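Here the protein sequences come in this chain order: A and B. Every letter in the first sequence is one number past the one before it in the working numbering, and letter 102, counting from 1, is 102. Every letter in the second sequence is one number past the one before it in the working numbering, and letter 289, counting from 1, is 289.
Honestly, the hints are just simulated from the structure, not real lab data. Check the hints yourself; a few may be wrong.
Said to hold, decoys possible - Non-contacting residues of chain B with respect to chain A, defined by C-beta distances greater than 12 Å in every case (computed):
{"id": "1", "residue": "Asp58"}
{"id": "2", "residue": "Ile100"}
{"id": "3", "residue": "Gln103"}
{"id": "4", "residue": "Gly235"}
{"id": "5", "residue": "Ala351"}
{"id": "6", "residue": "Tyr363"}
{"id": "7", "residue": "Gln392"}
{"id": "8", "residue": "Asn421"}
Unchecked claim - Selected chain B positions facing chain A (Cβ under 10 Å, derived; list incomplete):
{"id": "9", "residue": "Trp79"}
{"id": "10", "residue": "Ser118"}
{"id": "11", "residue": "Thr184"}
{"id": "12", "residue": "His366"}
{"id": "13", "residue": "Phe396"}
For clarity, every value in this text was computed on a predicted model and none was experimentally measured. Don't be surprised by glycine CBs; every beta carbon is placed ideally from N, CA and C.
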Amino acid sequence: MSRLGKFCTSTALVGMLAVSPALADPLAEALGLGRAALPEEIAAWDVAVMPDGRGLPEGSGDVWDGEDLWIDHCAACHGDFAEGAGVWPPIVGGAGSLTDVRPLKTVESYWPYLSTVWDYVNRSMPFGAAQTLETDEVYAITAYILFSAGLVDDDFELNQDNFTEIRLPNEDGFYIDDREEVEFPVFTQEPCMSDCRDEVTIVARATDLGVTPEFPVIRNLYSDMLSREDEVEESQEDAAAEPGTGPEGVEFASLSPEMLAAGESAWRQCRSCHQIGDGARNAAGPQLNDIVNATAAHVDGFRYSPAFEEARDDGLVWDAETLDAFLENPAGLIPRNRM
Amino acid sequence: MTERPEAKGGTSRRAFLRTAGLAAGGAVVGAGAARAVTPDPLITEVQPWAMFLGEGVDATPYGMPIHFEDHVVRRNVEWLTADPVASINFTPIHALDGTITPQGCAFERHHSGAIELSKEDYRLMITGLVEKPLVFTFGDLMRMPRITRTAFCECAANSGMEWGGAQLNAVQFTHGMIHNMEYTGVSLRTLLNEAGVKPEGTWIYVEGADASSNGRSIPMEKALDDCMIAFTANGEALRMEHGYPVRLVVPGWEGNLWVKWLRRIGVHDGPMESREETSKYTDLMPDGRARKWTWAMHAKSVITAPSPQMPIGHGPGPMVISGLAWSGLGKIARVDVSLDGGANWQTARLAGEPGDKALTRFYVDHQWNGEPMYLQSRAIDETGYVQPTKDQLREFRGVNSIYHNNGIQTWYVNEHGEAENVEIG
């Protein structure tokens, strides 16, 4: 284990850091990097609020102001009465539903601390315009949520002094992770290796619900798929019957992105001899700018084969049909050419 | 489901052979070595790639996977969340192997979208119960002693849609809220030491620079144990979607704690009880009360292939059963695999030395007889914790706790080699 690792596991670490930064490990000594945070900077970023109210700034807001702010900033997603809208979460309601088949977890039914509401509205809301509310506005919106939850009257004003008098109904509804004590005795037993259960039956299938998004299935090619002639021939017929697979139907006007991409890919075979685009020059083959609708062997300065010069003299023009025929079978269209 | 689009290019002969293969896929074509009927033109004919030149060195200054692999991407389950900027997607674990997750397909979870924050504009502040509240630039962090480690990051809600029964028919969706990367950065201990933690500082509170400023509380003991801030993953800068330029790494603990775009570490004498650790990431139990601070991700495993997205596709004979195992409590000690829904188990072969709180790859080299299978895997970690069945979990937790579902997954594989997500009784 590295020195770093040993240091990590030291249980005395908290004390070391706090009391005596200059112990034997050089890492315990501060490096002196960074700079002191200024009070204004701390005030700007250190705004979190604890359940006992520490961190709350001075301010106040009442239910009536809160309602106006709510309509402007919150209701579009959370409903006029904080009951939720569309796919966005309700903020109130659901009291007593936590043992239901479909529990509704809201500030009213589930959240343990009001400080969490204040802090979340202050730091993270409104969605898409976070950290734009004034302190008094946050107090007012929090007051309106409390009113919508039936926890305060409509004349209620929330401020930093009465804040901790408000307790949310589910404050005692939480307890610290006890999985180790409760579950581990069962989940650390030596597992069975053979004859562990009776016959298996399927009791639920994901496909019955039909909520899985579409996805491509990955199928590899295996040699044993290619070893039966009848299947190969049958599939050949299928492939031939499939529309759109042959070059016959191709027209320039109907070029699809897929076909362009395929052409770009196929172009890799051509570019060892031909150039195209800005600055294209003749190489082993002529540069191909403006090839479409040009007469064959039209590029100045390229030494064409006699066969190509003959084709030019015969008036061969590169259109979709002739290009296709030439690329399909160069020697078929222009015998003895050098491509 | 849709078949994967045929690869671009190739000769017509090649295309027809591929089609033949697809048509025969799943059919049982008989055991024994395959025998060629006609010479394979891929061998007897000179292929384009053997004649012509490939791309030059600068064709792609930063490379993407070859287009044949363009189906290996993150996918979203749109109905899960209200808006893509406060949502999650899933790592294509069915199509990956080994243990490291490439950043480009590692799942994303944002609360207010992935933000652009440059290294120049980055500031990290340490406040609260410290001797010296400090501000660091990104450059300052680069001058501190640096560490590298690999860790998995799993969303606490991974497999959360399966509490009520088999729901999503793909391992990408049932188990893909996880990634595993090698991080480089600075230990939290080094950072906190710069500021000097006061004796009463028993918790830290970490928050991000994005609009959600997702904040979480972490006990000081964990902060000083193995937490770090990371600026690289898998050797290169973090991706924007994973918190560029700096995120928190909390090995073994739920992904929500791994605050991205980390901008502040507050030192306090108690937890902040933020929205993300009260209304969310608490586990509602059958009695209506809820567990809180369930940070650790317990031992879990899943077979990634065969699975619904990766059917067997060939006949009886040799095949590889491949999967992932992990534990937030330490290293994986053993993985068992069952072919019959948990009646009989065999111990899988682990690929490489298991890492602490990191993904471990396992394999079973299997001779398939062509009969249906109920595939399961069961992880056991170095603490002796044995991955439970889903029903065992439900006995303790009911079906409404959303988070921390590490129950054993069952894939039913039929005689054609096709796999589906089932629950068995």
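Query raised in the report: Can we trust that Asp58/B is non-interface, i.e. its beta-carbon lies farther than 12 Å from all of chain A?
Result: At roughly 14 Å from the nearest Cβ of chain A, Asp58/B sits farther out than 12 Å, so the non-interface label holds.
**Report entry** Agreement of hint Ser118/B with chain A interface, Cβ distance less than 10 Å
**Finding:** Hint on Ser118/B: violated, closest Cβ of chain A at ~18 Å, above 10 Å.
**Report entry** Tyr363/B remote from chain A - nearest C-beta pair above 12 Å
**Finding:** 17 Å, holds
Query raised in the report: Are all beta-carbon distances from Asn421/B to chain A longer than 12 Å?
Result: 4 Å, violated
Query raised in the report: Are Phe396/B and chain A close enough, Cβ to Cβ, to be under 10 Å, as the hint says?
Result: 6 Å, holds
**Report entry** chain A contact restraint on Trp79/B - CB to CB distance below 10 Å
**Finding:** Holds: closest Cβ of chain A sits about 7 Å from Trp79/B, inside 10 Å.
Query raised in the report: For Gly235/B, is the shortest beta carbon distance to chain A beyond 12 Å?
Result: Gly235/B clear of chain A: closest Cβ-Cβ about 20 Å, beyond 12 Å.
Query raised in the report: Is the Cβ of Ala351/B more than 12 Å away from each Cβ in chain A?
Result: 20 Å, holds
Query - Cβ separation check - Gln392/B to all of chain A, threshold 12 Å - result: 7 Å, violated
Query - Gln103/B non-interfacial with respect to chain A [C-beta, more than 12 Å] - result: 21 Å, holds
Report task. Against chain A, run the beta carbon of His366/B and see if the smallest gap drops under 10 Å. Result -> 15 Å, violated
Requested in this report: Let me know if the C-beta of Thr184/B comes in closer than 10 Å to any C-beta of chain A, holds or violated.
Outcome: 13 Å, violated
The structure fails hints 7, 8, 10, 11 and 12 (numbered hints given earlier, in ascending order).
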